[in-house]
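As you go down the protein sequences, you meet chains U and X in turn. For any residue, its number in our numbering is found by taking its place in the first sequence, counting from 1, and adding 681. For any residue, its number in our numbering is found by taking its place in the second sequence, counting from 1, and adding 681.
Think of the hints as simulated: they come from the structure by calculation, not from any bench. Certain hints may be false.
Identical chains share a label here; the pair holds if one copy fits it or two copies do between them.
[Said to hold, decoys possible] With a Cα cut of at most 20 Å, we get these calculated PhoX-like pairs of lysine-lysine:
1) 761 / 751
2) 810 / 847
3) 751 / 794
4) 794 / 717
5) 725 / 695
There are 2 protein chains.
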Amino acid sequence: MNATQLFEEIKKKKSFLCVGLDTVLEQVPEHLLKYKDPVLEFNKQIIDATKDLCVAYKPNTAFYEARGIKGWQSLIDTWKYIPEDVFTIADAKRGDIGNTSAMYADAFFNLEKSEMSFDAVTVAPYMGKDSVGPFLQYKDKWVILLALTSNPSHEDFQTLEGSSGKLYEEVIRVSAQWADNDQLMYVVGATRGKEFEHIRKLAPDNFLLVPGVGAQGGSLAEVCEYGLNTQCGLLVNSSRGIIYASKGLDFAEKAREEALKLQKEMEHILKNKGLI
Amino acid sequence: MNATQLFEEIKKKKSFLCVGLDTVLEQVPEHLLKYKDPVLEFNKQIIDATKDLCVAYKPNTAFYEARGIKGWQSLIDTWKYIPEDVFTIADAKRGDIGNTSAMYADAFFNLEKSEMSFDAVTVAPYMGKDSVGPFLQYKDKWVILLALTSNPSHEDFQTLEGSSGKLYEEVIRVSAQWADNDQLMYVVGATRGKEFEHIRKLAPDNFLLVPGVGAQGGSLAEVCEYGLNTQCGLLVNSSRGIIYASKGLDFAEKAREEALKLQKEMEHILKNKGLI
Numbered sequence: 682m683n684a685t686q687l688f689e690e691i692k693k694k695k696s697f698l699c700v701g702l703d704t705v706l707e708q709v710p711e712h713l714l715k716y717k718d719p720v721l722e723f724n725k726q727i728i729d730a731t732k733d734l735c736v737a738y739k740p741n742t743a744f745y746e747a748r749g750i751k752g753w754q755s756l757i758d759t760w761k762y763i764p765e766d767v768f769t770i771a772d773a774k775r776g777d778i779g780n781t782s783a784m785y786a787d788a789f790f791n792l793e794k795s796e797m798s799f800d801a802v803t804v805a806p807y808m809g810k811d812s813v814g815p816f817l818q819y820k821d822k823w824v825i826l827l828a829l830t831s832n833p834s835h836e837d838f839q840t841l842e843g844s845s846g847k848l849y850e851e852v853i854r855v856s857a858q859w860a861d862n863d864q865l866m867y868v869v870g871a872t873r874g875k876e877f878e879h880i881r882k883l884a885p886d887n888f889l890l891v892p893g894v895g896a897q898g899g900s901l902a903e904v905c906e907y908g909l910n911t912q913c914g915l916l917v918n919s920s921r922g923i924i925y926a927s928k929g930l931d932f933a934e935k936a937r938e939e940a941l942k943l944q945k946e947m948e949h950i951l952k953n954k955g956l957i
Numbered sequence: 682m683n684a685t686q687l688f689e690e691i692k693k694k695k696s697f698l699c700v701g702l703d704t705v706l707e708q709v710p711e712h713l714l715k716y717k718d719p720v721l722e723f724n725k726q727i728i729d730a731t732k733d734l735c736v737a738y739k740p741n742t743a744f745y746e747a748r749g750i751k752g753w754q755s756l757i758d759t760w761k762y763i764p765e766d767v768f769t770i771a772d773a774k775r776g777d778i779g780n781t782s783a784m785y786a787d788a789f790f791n792l793e794k795s796e797m798s799f800d801a802v803t804v805a806p807y808m809g810k811d812s813v814g815p816f817l818q819y820k821d822k823w824v825i826l827l828a829l830t831s832n833p834s835h836e837d838f839q840t841l842e843g844s845s846g847k848l849y850e851e852v853i854r855v856s857a858q859w860a861d862n863d864q865l866m867y868v869v870g871a872t873r874g875k876e877f878e879h880i881r882k883l884a885p886d887n888f889l890l891v892p893g894v895g896a897q898g899g900s901l902a903e904v905c906e907y908g909l910n911t912q913c914g915l916l917v918n919s920s921r922g923i924i925y926a927s928k929g930l931d932f933a934e935k936a937r938e939e940a941l942k943l944q945k946e947m948e949h950i951l952k953n954k955g956l957i
């Protein structure tokens, strides 16, 4: 799915919502524990309840790896269950020397080898161009590079001032030469609202993946005020706020309600900006 | 295993060699393909052939994830096969916001949840302190933080000059406050030989994990000249140079020969420095 196709989906669904499937077994409602794979069953019901309201799903791989083989199987089966017209992001934050990043690219993009083929993977920039390049060899896939993250300690290194600006600015400036806007997005935390205006100058045309709305305290309105571009250019993620809206029998229904609230807010914003 | 115990192992084996188990199915000798898990069988024979010559094994998780569920099983079974007195490193280069890094810590340290409990995991520093903290909650485990890596494009960001020095220097300086030398090591590529003198000033007492000897062209002698400290303080890794020394029936024997060459060189260096 390229940027134009993604924008088409956004216009069709009047939504740029990404649902984060950060599912931990301990949070799965009790009535699902009878299933062979309760995490998968939980994810399936969340997907069924929200797939018309969101344009992307983003399982964070950590939540699956933590359960070893069983978790990795849940991840594969969850990916398989996501409808083809919904963008899929492996939030894996990988990155290593070239021959090793090629293996990570296989892990998330190569269906034949790993049984999964996500549309995109999140990548950490610290090791530079040759750690990112192998992912870009998959021409119909995306790298979503960490730029300015939503966690408090992003300030330890990402905002360090160098001779040509802050580190995250340099990450955007340098990496923009590695791929075009059909293969490269950036992670920018919603908790960094006011900085979106500045980031849009550095990356006017790239899609931005925006975590941190909801549990982490970011404001959708503020992100959109500064972050939207002419192709929308935003995928705003909510994880806990949606999938753990209820721990009861009605968990999927409540998840839909929360997703619907965000979708309605997004629809309003898209209309106001003349994008739909 | 704490730093003192690791140094004891180094003195006992007269070696600070780490063998990188970066095993790809396509490189496994043909006569092993009859096994149910050829990668595991390959690793077992490599371990049997080298375990008296090295103090650590370092599977890079990418090479296992690339094969999906089967690969993850190979990783678990390989970890289980490594003798208890050998230090184990999950070379995973993880790191995410706090609650997510806690999941990655479970994935590599929590035996009950994931069937694996490595002694150490490699972590990328880009997201700062709260992305590293959850790993450090496991008080008998280690974080090996990326500082100055062995790949050519480490220059994209790691050596950027800021007001208080280069980025990798700031990573070392800042992270040194997060944990002591019994829980924190740094990755410093062997291809950065001359910079070890400088790094030893920043991190005089930490162990350094040094990849890049062999296939990537780093020099053991140069690394040791500048990198050794009074507790050795180095784990020097070789992967391809050892495990793929031969593709024939004699692969394990040839791997041992290569490991032995490095061990002998290390013994000579340790003696010269008066460490054994």
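Here is how each hint holds up against the structure:
Proximity of residue 761 to residue 751 under the C-alpha cut-off of 20 Å is found in both arrangements, the shortest distances being 15 Å within a copy and 17 Å between copies. Within a single copy, residue 810 and residue 847 get their C-alpha atoms as close as 18 Å, and across copies as close as 18 Å, so both meet the 20 Å cut-off. In this assembly of identical chains, the alpha carbons of residue 751 and residue 794 lie at most 20 Å apart whether taken from the same copy (18 Å) or from different copies (10 Å). For the identical chains of this complex, residue 794 and residue 717 are inter-copy neighbours only, at 17 Å across copies versus 25 Å inside a copy, given an alpha-carbon limit of 20 Å.
In this homomeric assembly, residue 725 and residue 695 never come within 20 Å of each other (Cα to Cα): the closest approach is 22 Å inside a single copy and 54 Å across copies.
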